[in-house]
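Taken in order, these protein sequences are the chains called E and X.
The first sequence begins at 1 in my numbering and counts up by one.
The second sequence begins at 1 in my numbering and counts up by one.
Keep in mind the hints are simulated off the structure, nothing from the lab.
On a predicted model such as this, the values are computed, not experimentally measured, just so you know.
There may be inaccurate statements among the hints.
To be verified - Among chain E residues calculated to face chain X with C-beta under 10 Å, some are:
id, residue
1, V77
2, V81
3, A82
4, E85
5, R88
6, A92
7, V97
8, S98
9, A99
10, A100
11, E101
12, V105
13, P107
14, W109
15, Q112
A virtual CB, placed ideally from N, CA and C, is assigned to each residue, including glycine.
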Amino acid sequence: MPATPVADAVAAYARRSAAVGFVAGASRATFAVGVVGAVGFLALHLSGAPPRPHPAWAVALVPVLGWGLWRARGARVPDAVAAGELDRRLAADGLLVSAAELGEVGPDWHRQLQLKLAGLRAALPPLPWVLWWPGPVLAVLLAALLGSLGPTTVVSNAPTSGAFAARLADAQTLLQAARLAGTMAPELAEELAGSLERLAPMAGDAAFAWRELDGVLARIAREQLLARLDGERGTPGAGDASAAIAKVQELGRSLLADPALSAAGRQLVESMLGGAGGDLAAKLAEAQRSGEWAGRFAGLADELLQRAGELGLEARDLRELGAFADSLREQGARLRPASGSGRGERVVAGGASGSPEVSGNGPGRGPGHVARTWSEPVAGAAEQALPLPPGGAGAQPWVPVGAGLGAPGVAPVAGTASGVAPAAGRGGASWQLQLAPHHRAVVQKFFAGEPAPGSGEGKR
Amino acid sequence: MTTMLSASEVAHGKALLARLQQGCNEVLLGQQELVDLCVIALCARGHVLLEGLPGLGKTELVKAIGRLLGLQFRRVQFTPDLLPSDITGGPILQDKGGERTFVFRPGPLFANVVLADEINRSSPKTQSALLEAMQERSVTVLGETHALPRPFFVLATQNPIELEGTYPLPEAQLDRFLFKVEVPSVSADVVLRILTTRRRGEPPTATSVFAPGELDELFRLVDGVFLPQAVAHWIARLLAACDPARAGVPEPVRQHVRWPASPRAAIAIAESARAAALLAGRPNVDFADVQRVAVAALAHRLVLRHEAVVAGVRARDVVAAVLGSVPMVDRSLAEAAR
Numbered sequence: 001m002p003a004t005p006v007a008d009a010v011a012a013y014a015r016r017s018a019a020v021g022f023v024a025g026a027s028r029a030t031f032a033v034g035v036v037g038a039v040g041f042l043a044l045h046l047s048g049a050p051p052r053p054h055p056a057w058a059v060a061l062v063p064v065l066g067w068g069l070w071r072a073r074g075a076r077v078p079d080a081v082a083a084g085e086l087d088r089r090l091a092a093d094g095l096l097v098s099a100a101e102l103g104e105v106g107p108d109w110h111r112q113l114q115l116k117l118a119g120l121r122a123a124l125p126p127l128p129w130v131l132w133w134p135g136p137v138l139a140v141l142l143a144a145l146l147g148s149l150g151p152t153t154v155v156s157n158a159p160t161s162g163a164f165a166a167r168l169a170d171a172q173t174l175l176q177a178a179r180l181a182g183t184m185a186p187e188l189a190e191e192l193a194g195s196l197e198r199l200a201p202m203a204g205d206a207a208f209a210w211r212e213l214d215g216v217l218a219r220i221a222r223e224q225l226l227a228r229l230d231g232e233r234g235t236p237g238a239g240d241a242s243a244a245i246a247k248v249q250e251l252g253r254s255l256l257a258d259p260a261l262s263a264a265g266r267q268l269v270e271s272m273l274g275g276a277g278g279d280l281a282a283k284l285a286e287a288q289r290s291g292e293w294a295g296r297f298a299g300l301a302d303e304l305l306q307r308a309g310e311l312g313l314e315a316r317d318l319r320e321l322g323a324f325a326d327s328l329r330e331q332g333a334r335l336r337p338a339s340g341s342g343r344g345e346r347v348v349a350g351g352a353s354g355s356p357e358v359s360g361n362g363p364g365r366g367p368g369h370v371a372r373t374w375s376e377p378v379a380g381a382a383e384q385a386l387p388l389p390p391g392g393a394g395a396q397p398w399v400p401v402g403a404g405l406g407a408p409g410v411a412p413v414a415g416t417a418s419g420v421a422p423a424a425g426r427g428g429a430s431w432q433l434q435l436a437p438h439h440r441a442v443v444q445k446f447f448a449g450e451p452a453p454g455s456g457e458g459k460r
Numbered sequence: 001m002t003t004m005l006s007a008s009e010v011a012h013g014k015a016l017l018a019r020l021q022q023g024c025n026e027v028l029l030g031q032q033e034l035v036d037l038c039v040i041a042l043c044a045r046g047h048v049l050l051e052g053l054p055g056l057g058k059t060e061l062v063k064a065i066g067r068l069l070g071l072q073f074r075r076v077q078f079t080p081d082l083l084p085s086d087i088t089g090g091p092i093l094q095d096k097g098g099e100r101t102f103v104f105r106p107g108p109l110f111a112n113v114v115l116a117d118e119i120n121r122s123s124p125k126t127q128s129a130l131l132e133a134m135q136e137r138s139v140t141v142l143g144e145t146h147a148l149p150r151p152f153f154v155l156a157t158q159n160p161i162e163l164e165g166t167y168p169l170p171e172a173q174l175d176r177f178l179f180k181v182e183v184p185s186v187s188a189d190v191v192l193r194i195l196t197t198r199r200r201g202e203p204p205t206a207t208s209v210f211a212p213g214e215l216d217e218l219f220r221l222v223d224g225v226f227l228p229q230a231v232a233h234w235i236a237r238l239l240a241a242c243d244p245a246r247a248g249v250p251e252p253v254r255q256h257v258r259w260p261a262s263p264r265a266a267i268a269i270a271e272s273a274r275a276a277a278l279l280a281g282r283p284n285v286d287f288a289d290v291q292r293v294a295v296a297a298l299a300h301r302l303v304l305r306h307e308a309v310v311a312g313v314r315a316r317d318v319v320a321a322v323l324g325s326v327p328m329v330d331r332s333l334a335e336a337a338r
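Only chain E is shown next, with the shape it has when bound in the complex (with noise of 0.2 Å):
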């Protein structure tokens, strides 16, 4: 096409297109550019390692120089197809377009299409500048995002392999403590080591592994609250047992090696010793764990003051021996209302414990029947609040011992009589039922009607 003013509208037209298209596509893949860099910075800030301005992140450039580009070529419009276009803008009624083929259209059609294209800048396609303003405000959204976020505000809470070892030495310190100090029955603190070393090589990648963990954590923080409060409460502790057989033993062995100890009392001394002290040890401890040893002990010290004679023992042994059984029965009598677990009030079946508390049952009610022991509320016992272990879940009241397949067994318990309590140790101990304080009330109104036992009368 020869340089004529058509031929020059029709190239501004055909450049105008390229540089829309260009500015379109620098435009969009500004705007993406803009995105991606916005998470990614996002991303870097919220890790905490906020990137720096860097010369590099002119390579930024390149893809929205290329994408301008790419579409600036696809915009790009033949002379032809310009030609046409800029006909229609210009209202020019197919002047130009001739005027484009013919190159020559005659003096008076040369004045109209002069008068027409005096409206070419009005009539080229304006550039999108709207295009661009994603970008910038994209920009400044980041930036007050970023900064009311602070240099070091956000600290990720996603567990870390340094933090579960650190909380799995803290589990592996406790329980040896735990052990150390008692608190702890032997065979949970072997399962609950069993665990930890279970856990060990895990470093807790999975959040299970973190669910065990605070398992472990929370039953030993159960066992060291419990071990507390029965130290609060004044239940026999390892340790008072400890220093009952500790006295009795180097009372017995003073005893023996007293050479005016007659025959008699040598045998009853040795006798109840067991020997070596090995044989009184063992029945303490049973008499420990079964929350009687006090009045065991202070049966055995008037045992000897009442055979003090036979003994031949001094003044100054039968005051101290008369000392330890009053002691002894002081603090049996303290105990004795919170024998038992000692943890809340209970219903304890009849016969297990043989208290004087206990009442019928009512009628004859089948297998498993048994009497009922109401025994007073201890406050600040099972209903008291067990505060949480620090930072870790609630304490799980309930622990599973064991899995299998098939139907659990279960012991048979013979039948009793109609008001009869059977005996000790024939299912009697499943019958010890916790109560909720609301439901005690209900229960006990529930049986407050009820005849003695053996009457064969009472509500069903």
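Starting from the known structure of chain E, fit chain X onto it as the hints suggest.
What follows is chain X alone, placed relative to chain E:
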């Protein structure tokens, strides 16, 4: 080398056309668009089929055109018993000096402007007698071809509602018509003008508006209108978009069109667009000229599916959809221009 008409030539052609327009509008009141299309068709030397209800002035318009052009005008009332020889003419036995010979006697077709009134009332064989005359501008009888006078126009009318005893024009016959124009009804104002200006509805007597040679000059000017390649490309793409067998055609075409228009339709559009451009005072064809004549030149050439016809789909709506969906300037124009 192709040149464009000068401004004076265009003005002269526009003035000639304006005279014809004015004459037609004096005869037929309130039908400017119809008159324009008829004038365009005549300038493009094409035949026109007027379709409309009785009493709308179709016949009067054709008669007025014949008189306004100052050409020989014949009217043929098509009836069911009309035979081909009744319109083409035939040999008759003549006695000249004791020697009897067959002499060809021309029929009513041998005129410049032929009004084929109620053309769909004649039998197909009579309708078919017009095929050669309309396309070749000649008549062949008993192996002897007789040229029709130039220019030769067939202006036919048909009634779309009285179908009893009629024979619809076959597609080949329809294709011979440059335009098929539906004559619209007139408004109340036009009826009032008819009542107040004309006794018994008789139009004023039209006289020729052209001096000898001016019609040929008009035809020369129409031929000189330049058709840009961009516009021609659009016409070609419009025709391609009417073919349901092609990919990417508009949805109405794919659904309703059974057979597309022939290339004769593109020729008709181009020639009539030239006349429309001259009527608009332009030395070249514009996209608007194509839009103006496309429906009249294309709609009757599309064969719709039977279900579309039953559903009331009109071919002019399909053409309008094509006009709206095919871009005027397309990138493929660049390849076509090489």
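Now for the hints, and whether the structure bears them out:
1. V77: holds (7 Å)
2. V81: Hint on V81 of chain E: holds, closest Cβ of chain X at ~5 Å, below 10 Å.
3. A82: Constraint on A82 of chain E satisfied, holds at 9 Å.
4. E85: Status holds, d = 5 Å.
5. R88: holds (7 Å)
6. A92: Given a least distance of 8 Å, the restraint on A92 of chain E holds.
7. V97: holds (4 Å)
8. S98: holds (4 Å)
9. A99: For A99 of chain E, the interface hint holds, since the closest Cβ of chain X sits about 9 Å away, which is under 10 Å.
10. A100: holds (8 Å)
11. E101: This interface hint holds because 6 Å falls under the 10 Å limit.
12. V105: With a closest approach of 5 Å, the V105 of chain E hint holds.
13. P107: Hint holds; P107 of chain E Cβ to chain X Cβ min 9 Å, cut 10 Å.
14. W109: This hint holds: W109 of chain E lies near chain X, its Cβ roughly 6 Å from the closest one there, short of 10 Å.
15. Q112: holds (8 Å)
Going down the numbered hints, you'll see the structure goes against none, and every one checks out.
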